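Residues per chain are reported as follows:
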Amino acid sequence: DVKVTQSSRYLVKRTGEKVFLECVQDMDHENMFWYRQDPGLGLRLIYFSYDVKMKEKGDIPEGYSVSREKKERFSLILESASTNQTSMYLCASSYTGGISSYNSPLHFGNGTRLTVT
Amino acid sequence: QQQVKQSPQSLIVQKGGIPIINCAYENTAFDYFPWYQQFPGKGPALLIAIRPDVSEKKEGRFTISFNKSAKQFSLHIMDSQPGDSATYFCAAGGQRGSGGSNYKLTFGKGTLLTVNP
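Chains E and U supply the protein sequences, listed in that same order.
With the numbering used here applied, the first sequence covers 1 to 117.
With the numbering used here applied, the second sequence covers 1001 to 1117.
If we strip away everything but chain E, and leave its shape as in the complex, we get (with noise of 0.2 Å):
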């Protein structure tokens, strides 16, 4: 089975502080994704790569960057924290093809809940 490991399941955080969300995937998938899960909002993609050192913003990308300098490895950043931002925060990867197609689909971690104070 595909696993996508996020490095932390919980975060507390300060205002202001640079916070990194890694995450990791043992597949060999091409794309991978950041996802921000609120209640009453879904799923609102904030950055996706579909190669290493590719990325593309997503629907929300402000005040958030992302690295990939390895093909397993894809590293959602918060600049300078701010409350706003607390939320959860899903990974995803799935094989060429695309975001995601008929027969490559997404496969998530299990979140990082972030709480910025």
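Honestly, the hints are just simulated from the structure, not real lab data.
Keep in mind the model is a prediction, meaning the values are calculated, not measured.
We treat Cβ as the ideally placed atom computed from N, Cα and C, and that holds for glycine.
Careful, some of the hints might be misleading.
As the list claims (entries may be wrong) - Residues of chain E clear of chain U, computed beta-carbon distances all greater than 10 Å:
hint, residue
1, Val12
2, Glu22
3, Arg44
4, Ile60
5, Pro61
6, Gly63
7, Tyr64
8, Glu69
9, Lys70
10, Lys71
11, Glu72
12, Arg73
13, Leu78
14, Asn84
15, Thr86
16, His107
Said to hold, decoys possible - Here are some chain U residues the structure puts well away from chain E; computed CB gaps all over 12 Å:
hint, residue
17, Glu1026
18, Gln1038
19, Ser1055
20, Lys1068
21, His1076
22, Gln1081
23, Asp1084
24, Ser1085
25, Thr1087
26, Leu1105
27, Thr1114
Unchecked claim - Some chain E residues judged to face chain U by a derived CB distance under 10 Å, without partners named:
hint, residue
28, Gly16
29, Phe20
30, Val24
31, Tyr35
32, Gly42
33, Leu43
34, Asp59
35, Leu90
36, Ala92
37, Tyr95
38, Pro105
39, Asn110
40, Val116
The hints should help you fit chain U onto chain E, whose structure is shown.
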């Protein structure tokens, strides 16, 4: 704007009932319609998906009905069980403007299903 509207926000049924979750989309370029299931503390996982060239797809107790002309699709769960209690997300995917094979997967806001014993 590429939106996927999902209803209801929450749903409670008795064991054996047939919950129905509905989604509507706007963009006729969408060509892939998956449903994801999320249990508490876990990331979403692909449940079932359909392409617009068919009107129905069944996998076990789960059925997607698709109405291309109305731009609507729905998930039906036959003989629902307490173990089906979860959050369900519909999504729609399609070619993302120019630039190759990348697809944009847009999620609905989710439906919290509770199946009482």
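Interface-negative label, lysine 1068 of chain U against chain E, beta-carbon threshold 12 Å: 16 Å, holds
Verdict on arginine 73 of chain E as a residue remote from chain U, using beta-carbon distances over 10 Å: The claim stands: arginine 73 of chain E keeps its Cβ more than 10 Å from every Cβ of chain U (closest is about 17 Å).
Residue hint glycine 16 of chain E, partner chain U, criterion CB-CB below 10 Å: 29 Å, violated
Beyond 10 Å from every chain U Cβ - status for glycine 63 of chain E: Fine: 20 Å to the nearest Cβ keeps glycine 63 of chain E off the interface.
Restraint outcome when alanine 92 of chain E is required to lie within 10 Å of chain U by C-beta distance: Because about 7 Å separates alanine 92 of chain E from the closest Cβ in chain U, which is inside the 10 Å limit, the hint holds.
Least C-beta distance between threonine 1087 of chain U and chain E, which was stated to exceed 12 Å: 9 Å, violated
Interface hint outcome for phenylalanine 20 of chain E [beta carbon to chain U under 10 Å]: 19 Å, violated
Verdict on glutamine 1038 of chain U as a residue remote from chain E, using beta-carbon distances over 12 Å: Incorrect as stated: the minimum Cβ-Cβ distance to chain E is 8 Å, not above 12 Å.
Status of the stated non-contact between proline 61 of chain E and chain U (beta carbon gap over 10 Å): 14 Å, holds
Threonine 1114 of chain U non-interfacial with respect to chain E [C-beta, more than 12 Å]: It holds; threonine 1114 of chain U is separated from chain E by about 16 Å at its closest Cβ, greater than 12 Å.
Chain U contact restraint on aspartate 59 of chain E - CB to CB distance below 10 Å: 8 Å, holds
Glutamate 72 of chain E non-interfacial with respect to chain U [C-beta, more than 10 Å]: About 17 Å separates glutamate 72 of chain E from the closest Cβ of chain U, which puts it past 10 Å; holds.
Figure legend: structure checked against the earlier numbered hints; hints not met, in rising order: 3, 16, 18, 25, 26, 28, 29, 30, 37, 40.
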